[in-house]
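*Asks:* Read off the chains here:
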Amino acid sequence: MEGLHNQVFFPTTMADLFSSWARCPDAVPYAGGTDLILGQGGRSFLLPRNIISLAPIEELRRISRTERYLEIGAAVTLAEIFALGKIVPEILRSSLSEIANPQVRNIATIGGSLCCRRRRLDVFAPLAVLDARLELRTATTSRWVSVGRFAPESGEPLLEKAELLTRIRVPLESWNYNLYTRIGGIGIPTEDSASFSFIARAENDILSEVRLALAGMELIRDRSIENTIVGKSLPLTRKHASGFHERWRDRLNALNAPYPADLLRDRFLNLVEQAVMGLAE
Amino acid sequence: MTIEFILNGEDVVVQTSLDRRLIDILRENFKLLNAKAGCRVGRCGSCSVILNGKVIPSCLVSAFRIRGGEVITLEGFSLTDEYQDIASGFSRAGVENCGYCDAAKILAAEALLEQNPRPNKDEVLSAFNGVLCRCTVPRLLVDGVLAAADIRQRRLYGRAP
Amino acid sequence: MSDSDDLNGKRVFVEDLHPAGLYHAALVRSKIAHGKLRGIETPKLSHGNILIRASDIPGQNRMEGYGDDSPILAADEIKYIGEPVAILVGPDKSIVDRLASECVVSADILPANYSFEKFSSDRLAAKRTAVFGDPDDAFAKAAHIVEGVCRTGRQEHWYAEPQGAIASFSYDKLEIFTATQWPFHVRSTVSSVLDVRAEDIVVHPCEVGVHLDGKIWYPSLLSAYVALAALVCRKPVKLFLTREEDFLFSPKRPPSVIRHRSAIGKTGELLALEARAVIDVGAFAPFADETLDRMCLGSIGAYRCPNVRVEGFAVRTNTPPAGPFAGFGLAQAFFAVERHASHIAETCEIDPVDWRKAYALGKNDSWIGKTTQKDTIPSAELIDSVVTMSDYRRKWASYELLKNGRESHKDGPLRGIGISFAYQGNGFLSHGRLSGNFSVEATLEKNGTLEIRTSAVSGSRETAALWRRVAAEALSLSDADIRIAPNSTDRVPDSGPSSLSRNVTVVTRLIERCCIAIRKQRFRDPLPITVKRSFRNPRSLEWGGKKMDYSPFPLFSWGAAVVEVEINPILYIPQVRGVWLCVDGGKIFSERRARSSLENAVIHSLGWASRERIEPLDGSFSGGEPIHYDLAPPSGAPTIKVDFFWNDSTVPKGIGELPFSCVPAAFAQAVSQAAGVSFDVIPLDPRLIRDALEDS
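Chains as they are written, first to last, in the numbering used here: chain V, -2 to 278; chain Z, 3 to 163; chain Y, 122 to 817.
Okay, chain V solo, but in the shape it has when bound (with noise of 0.2 Å):
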């Protein structure tokens, strides 16, 4: 991060915000910037030399609902979107319970927990089971992508140049399992550290839907296991939710991925067969 700022814009609508960024391409923009300043420990922050202030447009710190869908701004913080109650899917609210403290939680927002560079923050997991879906503005574009496409497994969000997460959709369906598990200590986001989310829904007995995302350095999903169960019967057979655990397990080993690992992916592992295992005989 570079050294002393040098100046804050204070942007009230998208207009105003993508003309600061014209005139000054390397602004950063900062919403709650608990993200930014993480673990800065000294007298004086290190800024980034331009900022883009979001705190004052409006429009970002919108919540709307619909029949199918919660909208939450970026700039939305994570205590708002909690204090929505029971509208907000269980799986999420789960999430944001847990994140990192009841003070941070009043400053840091969703869309800084989204892009987030360093890793996958825990907000992740219950997003991406959810599909929900992501706004991305420039000052003349706007697209829609998926949480898994925002982000790649690692790396940085696929975010464009001066394109800036406005919006956040998520869609409201009804899920009978939920389970979600912080793993690490209560607000230390660590290398060991990660949340796990698994959802399912079934309809006459039948599976019709189960998803599973651990994020922590990376966002690990694969919709192609998640099939496998998809249109068995409840409860599953020990064979059916043992093999869903098996052919996580052989995921893992086969890419030999290094994340997770060690005892992250040993617990990630137990709280796969915890998930399916829920759906067993």
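Hints may contain errors.
Unchecked claim - For lysine to aspartate or glutamate, the following EDC-like pairs were computed, each having C-alpha atoms within a straight-line distance of at most 16 Å:
| id | chain 1 | residue 1 | chain 2 | residue 2 |
| --- | --- | --- | --- | --- |
| 1 | Y | Lys531 | V | Asp263 |
| 2 | Y | Lys516 | Y | Asp505 |
| 3 | Z | Lys33 | Y | Asp137 |
| 4 | Y | Lys214 | Z | Asp26 |
Since the hints were made in silico from the structure, they are not lab data.
Let chain V serve as the given structure and place chains Z and Y on it in line with the hints.
*Replies:* Below, chains Z and Y without anything else, positioned relative to chain V:
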């Protein structure tokens, strides 16, 4: 940069660099010392203040973020009936804090009771996950907040919850 | 600044003090762990900014450490990453911080030692050896020999306020403001460093809060820095560490390795016990003597054993100096000896409760050579209490059945329960200045009010209330007529360090003695009457093979604990279902305060045992900074039940350290039962739990 905001009910102006933390502005520019810079990473809660109606860790807030906003510190909050509810509740339960975490505990209690006037034990304890102080005795904290909730209900509605 | 009525109970923190015209200090620190200092290059220092080096120290470049003195500033050799080599001082804090960070310390790198388990004698800061009886003969006759090694990790104090100090000239005196447990140690350190009379220095203690013994000697070092800077600049100077800096460089609880070997008789009795304790004291070892003494004594445990061989080693490494932490070594020792006691019980196929009850020390029992326990030790009562409260026997038997009956860790809950028994040694052991001569004064004024003068500091209002009560009872005064003077060093005598429960035991007793003396004089002599009473350890602890025919601690308090856990088999984390504690603390003045103090200590002791982890990497703690230190949040707090052994004792005893000695071993035993594998290392590593469960 010149930053105008409302501090404990008064319009104020401060000249500061933008990389300064709100906690340092409050303590050094305005001599409001109840909030403390205990950790500077948003974990201990000792820097808690109310910004735009929400309890936040002022060590994580850059100067420019308060522009046009409203900040209430423990000094300002201590003039309210809500503060008295909490102070009385803590006193009744025998909560004896070390003094350094006063802002953390009182404002965490207020944030909880504002959202949830009748919390249960687990909700109380979760509300204090942002208060990491070695002086904390969880049992007394629960007793203190529940006592404060009771006092507030009686004050507002003249009856027990 | 104390509990004085004059201040209306207002707490004063170093962080809040800003004398007019204040300058700020920052420390220029070494970036290497071991080397020969060649020089310090500074950036251009603008007007008003000054660099102070070791060569600028007018007096002694050392702080007395009661075991191992520490340099104030590195002069020649650097011994740890972060060791201060210079002080940069100036009027603007941001500029001072920046300038200090831009200084370059150049040194010829020397090999660094980070390991303390293997060491040569030149790295020893202290050593103890003692033999009582004939252990070799006993081993030759043993029915069983049980051996084991236990390890404990560091612990960060995480006191609420990071450390700092202010120095300011006031007329002809130099005033020091710092949160310290021993104001007179600050005074003597500054006096020695500046080469000025101690009387010309006045230390004003600030609020210490819950310090867990993290503010005994480090404030003296920081005070020396600001005092030096104030002397050079002729301005008030403040040095206040950020949490990050405090975390990286202030003292921590030292890690330990303790090896036990016991000869056991046919019925399970201890015939002989050998203990070898090693601690890592870091680059310098203040208070190493006290810590090692307590660790060696604690390693012997609280069981009858006629033949003992004990060795202790305090080893220097190129890491930041370690320091006292609630219990000064007894906690580490009791973890090891209580795990060992459980292994003995297991080897002899005796219930761990029954073994402890059978062999715990009692009145008139011999202990360490010829020492005889003169006081009643309610070991059976304490153990029975926690056993009953926790329903230990039924649970232990059930969990043994569960453990032995399951085919894999996925069959049923993984539960365990553990027990331990320990003591808290009140007061200091060590010879030298730590053993005395410490005093309290009291004056009964003409108007009938009493002023008590002591340098003791307390994080609790209850301690002052206790002193007032004792004085009120002795002199038939009301609370309003008793005043505790501000404990600045120009107003009070040196009452010694406020640690190891001395406030409750030594200081309270001295206040009582003063009041009794005043009572005897008051109707005979005119007012005002001033009395001073002093305390000196009756005898310093001696090692080196001599027989010990005296009790090493002036007072013992006793405790037993039970901890029940269930291991989460998904995440491999033990969750504490309950903690039960029974304590003999002598006369309890405030049950409410005693209870909350014990509950608080239980939580911190569990933190040490289960999650608080700091491991240096190549001599530095960075990578485990404040943001990652895993303190237990309130929502994770277990149910804690506390009982007291009520007796007619008239003597109050310290109890705040008992949980650190009792709880970790009981916790580890519980996890061991739950996992079916013995755990003898804390903090517990979930990886080891995973390995144990997967292997089973």
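*Asks:* The structure should be examined with respect to each hint, and the outcome stated for every one.
*Replies:* Evaluated hints:
The straight-line distance between the Cα atoms of lysine 531 of chain Y and aspartate 263 of chain V is roughly 14 Å, inside the 16 Å bound, and the hint therefore holds. Simply put, lysine 516 of chain Y and aspartate 505 of chain Y have alpha-carbon atoms about 15 Å apart, close enough for the 16 Å limit, and the pair holds. As the CA atoms of lysine 33 of chain Z and aspartate 137 of chain Y are separated by approximately 9 Å, the hinted pair is consistent with the 16 Å bound. Restraint check: the Cα-Cα separation between lysine 214 of chain Y and aspartate 26 of chain Z comes to about 12 Å, which is no more than 16 Å; the hinted pair holds.
Hint compliance for this structure: every hint is met.
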